[in-house]
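Protein chains: 2
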Amino acid sequence: MATLNLDPAAEYLPYTPDIDIRDQISARQLMRKYKLGPNASMLAAMDLMVTKVEEIREQVNAFEPEYLIIDTPGQMELFAFRGSGSMVVNKLAGERSLVLFTIDSNQARSPSGLVSNLLLSLSTQYRFQRNQYNVLNKSDLLSPDLIDEIISWVEEPQQLEISLQAEGLEAELNLRIIQIIEAMGSTSTPIPVSSLNRSGLDRLHAVLEQALTGGEKPQ
Amino acid sequence: MATLNLDPAAEYLPYTPDIDIRDQISARQLMRKYKLGPNASMLAAMDLMVTKVEEIREQVNAFEPEYLIIDTPGQMELFAFRGSGSMVVNKLAGERSLVLFTIDSNQARSPSGLVSNLLLSLSTQYRFQRNQYNVLNKSDLLSPDLIDEIISWVEEPQQLEISLQAEGLEAELNLRIIQIIEAMGSTSTPIPVSSLNRSGLDRLHAVLEQALTGGEKPQ
Chain C
719 MATLNLDPAA EYLPYTPDID IRDQISARQL MRKYKLGPNA SMLAAMDLMV TKVEEIREQV
779 NAFEPEYLII DTPGQMELFA FRGSGSMVVN KLAGERSLVL FTIDSNQARS PSGLVSNLLL
839 SLSTQYRFQR NQYNVLNKSD LLSPDLIDEI ISWVEEPQQL EISLQAEGLE AELNLRIIQI
899 IEAMGSTSTP IPVSSLNRSG LDRLHAVLEQ ALTGGEKPQ
Chain P
719 MATLNLDPAA EYLPYTPDID IRDQISARQL MRKYKLGPNA SMLAAMDLMV TKVEEIREQV
779 NAFEPEYLII DTPGQMELFA FRGSGSMVVN KLAGERSLVL FTIDSNQARS PSGLVSNLLL
839 SLSTQYRFQR NQYNVLNKSD LLSPDLIDEI ISWVEEPQQL EISLQAEGLE AELNLRIIQI
899 IEAMGSTSTP IPVSSLNRSG LDRLHAVLEQ ALTGGEKPQ
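Just so you know, the protein sequences line up as chains C and P, in that order.
Here the working numbering is used: position 183 in the first sequence is 901, and no number is missing along the way.
Here the working numbering is used: position 201 in the second sequence is 919, and no number is missing along the way.
Don't read these hints as lab results, they were simulated from the structure.
Keep in mind it's a predicted model, so treat the numbers as computed, not measured.
A hint or two may mislead.
Identical copies look the same in the list; a pair holds intra-copy or inter-copy alike.
In silico EDC-like pairs for lysine to aspartate or glutamate, Cα to Cα no more than 20 Å straight-line [unchecked claim]: (1) Lys856 x Asp920; (2) Lys751 x Glu729; (3) Lys856 x Glu782; (4) Lys751 x Asp858; (5) Lys753 x Glu773; (6) Lys856 x Glu900; (7) Lys856 x Glu795; (8) Lys753 x Glu729; (9) Lys809 x Glu885.
With the hints as extra help, turn the sequences into a complete structure.
If you want it as structure tokens, here you go:
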């Protein structure tokens, strides 16, 4: 397995990536060198990344990894929704690949927060056009009951409707949203994981292996 | 009318705002002062903004504006999807208010690009819980025929289906998306405008006046 960090503006990573875009492009350095503001420096970094794709691919190939995990920039307007982002991902991702979309547990506590994250996830899926799974990250922050409730919001739109009403949200918008969540289908149900207490990681691994190999280990 | 710029990282504005958050908070200065990276500086700026809301509100009130236009940061993960963003907007927006969601014409050229923007728009609407209209910005970049086609993608899902198929996108995902676009309803149809050739501005103004006042001029 190899890990690749694609976020040129990452300040701190809780792991040491095998390959790191920051070795070639650093948003902070671009800022200093060209006297750019924070926004402009990140845009410049994203666009520069496109010119480095071949180099990065060679670095990846040198690892001959069974799996490659790509850690992409969290700012979706800058990465997922600009041409350079999908271009880079399409050049780096193998034939068998999928996207994990991370939903922060704190943002999933309320039905409206969860819904807006699910819509973002769907928008990203549309952008990258790959199999995509939602991960409910830092699930240790939530009680088991709340996790069950969150899952029920996605799997039983009736539950979601009741909870949205309780939140006092507009009825007509809620009805539309419920249709939308229904249309998203079961693959949108988030998989709760915690890197703190390791819960859910086995299940996530099983889901990914199933999705990527149809049950068999990749060669 | 008064204009308020709420983007602390804006490098250049094509207008002079009456009130400017950058007079109080500048992402660039935060970066220098606390040696923050671009990401961290923007997060810090957004959170600081919450502490300045009362001050900004007083500045706004001094103008006694008939209308207040708030220009919000474009980076939605930083603004719309964090608690501080909706907190600030809720404190500043009047009783009669609405959100204009800007879709860049270049991102609406392909059906998949348009769809992912519509999903983002819906996600934002869910976040702010206000009436929301989509604006197709910089429409001068598109031919009149293409503008008609884009409108037809939203208003006639059958058209969207054909165009998505032509783009070679996955059939099952397309079907779901079409259900979702249908569920969004007609208010999601983007209003094409161009500040370059002034087209669409009259119509936008009429739509907004209708939405805010029910036809009457506000007091």
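Verification of the supplied hints:
1. In the homo-oligomer, the alpha carbons of lysine 856 and aspartate 920 lie at most 20 Å apart inside one protomer (15 Å), although the nearest pairing across protomers, at 48 Å, exceeds that limit.
2. Taking the shortest Cα distances, lysine 751 and glutamate 729 sit within 20 Å of each other both inside one copy (18 Å) and across copies (16 Å).
3. In this assembly of identical chains, the alpha carbons of lysine 856 and glutamate 782 never lie at most 20 Å apart, being 31 Å within a copy and 45 Å across copies at closest.
4. For the identical chains of this complex, lysine 751 and aspartate 858 are neighbours neither inside a copy (41 Å) nor across copies (35 Å), given an alpha-carbon limit of 20 Å.
5. Taking the closest pair of Cα atoms, lysine 753 and glutamate 773 never come within 20 Å of each other, the shortest separation being 27 Å inside a single copy and 30 Å across copies.
6. In this homomeric assembly, lysine 856 and glutamate 900 never come within 20 Å of each other (Cα to Cα): the closest approach is 25 Å inside a single copy and 34 Å across copies.
7. For a Cα distance limit of 20 Å, the shortest separation of lysine 856 from glutamate 795 across copies, 18 Å, qualifies, whereas the shortest one inside one copy, 23 Å, does not.
8. With identical chains, the CA atoms of lysine 753 and glutamate 729 are at most 20 Å apart both within one copy (19 Å) and between copies (11 Å).
9. Taking the shortest Cα distances, lysine 809 and glutamate 885 sit within 20 Å of each other only across copies (19 Å), while inside one copy they are farther apart (43 Å).
When each numbered hint is compared with the structure, violations occur for hints 3, 4, 5 and 6.
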